[in-house]
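Residue numbers (the numbering used here), protein chains in the order written: chain A, 26 to 191; chain B, 228 to 623; chain C, 9 to 119.
Everything labelled a hint here was simulated from the structure, so no lab data went into it. Heads up, a few of these hints could be off.
[Claimed, not checked] According to the in silico footprint, chain B covers these stretches of chain A (three or more CB under 8 Å from chain B):
id, stretch
1, 35 to 45
2, 51 to 61
3, 88 to 99
Each residue gets a CB set at the ideal place from its N, CA and C atoms; glycine is no exception.
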Amino acid sequence: MNLVFYLLAALTIGGGLAAVLLKHLVHCALATTVAFAGLAMLFLQLDAQFAGFAQILVYIGAVAILIVFAILLTRGSELPKDGVFSRSWFVGLVIAAGVFAVLGWAVLESMRALPQQTAVPAVTVHDIGIALVGRYVLPLEIVALLLTAATIGAVIVAMHEKERPR
Amino acid sequence: MATSPLFTELDQIFIILRDWLVGFLPAALRPAAGVVLCVIIIVCLFPGLFALTTVFERKGLGRIQNRLGPNRVGPFGFFQPIADGIKSLTKEDIVPFSANAVVHFLAPLSLVVAVFMEFAVLPMGRNMVLVDMDAGLLFFFAMSASTELSVFMAGWSSRNKYSLLGAMRAVAQMISYEVVLLLSSVAVVMITGSLSLSTIVAAQNSYTGIFPHWYIFTPWGLAGFVMYAIAATAETNRSPFDLPEGESELVAGYHTEYSGFKFALFFLGEYLAMFAISGLGTTLFLGGWSAPLSFLTFIPSWIWFFSKVMLSIFVFIWMRGTLPRLRQDQLMNFAWKFCLPFTLLDLMVTALWRFMGEGWLRWVVSTAILALAYVLMGRMGMRKEHFGPRRYRYAE
Amino acid sequence: MTGVTMGINSPLAGYLLVAALLFAIGLAGALVRRNAILVLIGIELMLNAANLNLIAFWRYGPHPEALTGMMFAIFSIAVAAAEAAVGLGLVIAIHRHTDTTDLDKMNRMKG
Chain A
26 MNLVFYLLAA LTIGGGLAAV LLKHLVHCAL ATTVAFAGLA MLFLQLDAQF AGFAQILVYI
86 GAVAILIVFA ILLTRGSELP KDGVFSRSWF VGLVIAAGVF AVLGWAVLES MRALPQQTAV
146 PAVTVHDIGI ALVGRYVLPL EIVALLLTAA TIGAVIVAMH EKERPR
Chain B
228 MATSPLFTEL DQIFIILRDW LVGFLPAALR PAAGVVLCVI IIVCLFPGLF ALTTVFERKG
288 LGRIQNRLGP NRVGPFGFFQ PIADGIKSLT KEDIVPFSAN AVVHFLAPLS LVVAVFMEFA
348 VLPMGRNMVL VDMDAGLLFF FAMSASTELS VFMAGWSSRN KYSLLGAMRA VAQMISYEVV
408 LLLSSVAVVM ITGSLSLSTI VAAQNSYTGI FPHWYIFTPW GLAGFVMYAI AATAETNRSP
468 FDLPEGESEL VAGYHTEYSG FKFALFFLGE YLAMFAISGL GTTLFLGGWS APLSFLTFIP
528 SWIWFFSKVM LSIFVFIWMR GTLPRLRQDQ LMNFAWKFCL PFTLLDLMVT ALWRFMGEGW
588 LRWVVSTAIL ALAYVLMGRM GMRKEHFGPR RYRYAE
Chain C
9 MTGVTMGINS PLAGYLLVAA LLFAIGLAGA LVRRNAILVL IGIELMLNAA NLNLIAFWRY
69 GPHPEALTGM MFAIFSIAVA AAEAAVGLGL VIAIHRHTDT TDLDKMNRMK G
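The shape of chain A in the complex, shown without the other chains:
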């Protein structure tokens, strides 16, 4: 529980809060990117280098850009007239606070069963590769199919409808 962890946690939570509270959509998207970066660094703190770099590559390099493109293509740069929070905002806040209360209570109550400090797992990319094509080959293939279906689906959903020939 050192200083680096607290700084990274503050960065991540700050990014998340900014993402849901800011008025301008592009600012929200950039704050989300900061949260993703903070999370990637937390993964690196947890000795999961592959997951951390994959997080940067996929989330910051692709998902953040996707969000930003969608904001620009749907004219999200203009502020809505009725304000940015929906009419039922209080209920949503209460639900989220309730979820956090339950999760926090569960974490703190189960402290007795948690390990204190284990040795760093010596995991190399080689091990991850062997696991991917050995034990986890079925999820790998299914995720490949899923990604193909998602790619084709996203293209079809967002495509311009063909103009009828006159």
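Chain A is already provided as a structure; the job is to place chains B and C on it using the hints.
Quick look at chains B and C alone, frame taken from chain A:
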């Protein structure tokens, strides 16, 4: 490869210097001080190379275009970057009134930071990697992907139609060619069996007779290198893929509204990205720091690495002066309809190569498949050329 | 609560609390904001929080060499990227039809 101790010491001279300098400090501080020293050297060396490259580029382009480049400042114009540096430091820093000041400020910073991080994993000589990471290649691509967002931030925060258009075009181009870049590197990773860049160089560091085992000298390696070079040119927004920043098209694209030092930072970031991606291409396909012929190993490894990188930069400059610019939809078509299928085929041919066993047969089969695919895909791409009223999809 | 005093010593508790807080923030964002794209941002934050949980348990759990947590997190990253692509495609398609992304206005199937 028995080389005399003098040449081995010359090869490792920077390591020896670093250890000697760091030896003055107490033992607890030595590793950190060593890393800090290496970082300082990288931060000073590569911008210095950038300064040299700007004057080479202007003189080289000038000669290609049948004129002299800058020749007034210093001997043959080689002090031009000093003049340029002083100019960019003393110019007024204009931020447009309606621009988003925070994002406008952070965009060049995040670009330069991400690009400098890419140099941490490049093996610049024998034992000369700053951080020898197990997943070094993945780290490099992660940092390269982060630069795309700074390009968007720059374009959007300027509140300028041309900037935004330039930024969107640049980002679309970068994400398309990033797929090609990654897939062509995956072929190398498949054969080497590791994502660590120093392992990839070590795997290419052997010789049969006098010829090296560089991956570019194999059929799949040559095809992969060509795809990598095309994708690298597109990733760094260099000609012939420089529509996002072409002066005759979009004023200056996403860095229209930047002046003074921030513009210099963008310029620096672009050239450093070029160095980094050339460095990676050298490591993956051209054998990194290993010598081209087995009797030339007495020349220090870092000289070979930087010579190969400077050769790649020279080819970039050459392409800029020679080839016309591609239009945006031609560029995207090229990426998705030619480069990507060809790179996927290259990946499969690499797998075939790996499992066919040693001998002349695998050379013939791989070369035949790749050449046939190249000719067929090229011909199929050209058949759809029709001349008539064109729909410019990106202008609606 | 003895749990609280013991909990602060365990590094795993810190990561789990950060993940729970980020999940709650993402949930609040998805429920409170009007714009459809912000709902998707909230969902991405929730998925990221779950990933942090997975990696934290992998690191401090009994068998880190089995790589279960890391594999789960990597697949989760891939699936989340695919889901973001399809979701944002849907938002763009809806905007093309109704010229708005305001969720409070999309009540045609009401009543």
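We went through each hint and held it up to the structure:
1. For the stretch 35 to 45 of chain A, the stated coverage by chain B is not satisfied: 0 residues place a CB nearer than 8 Å to a CB of that chain, which falls below the threshold of 3.
2. Given a C-beta distance limit of less than 8 Å, the hint that chain B covers the stretch 51 to 61 of chain A holds, as 4 residues qualify and 3 suffice.
3. Three residues within the 8 Å Cβ limit are the bar, and the stretch 88 to 99 of chain A against chain B gives 5, so the coverage statement holds.
The structure fails hint 1 only (numbered hints given earlier).
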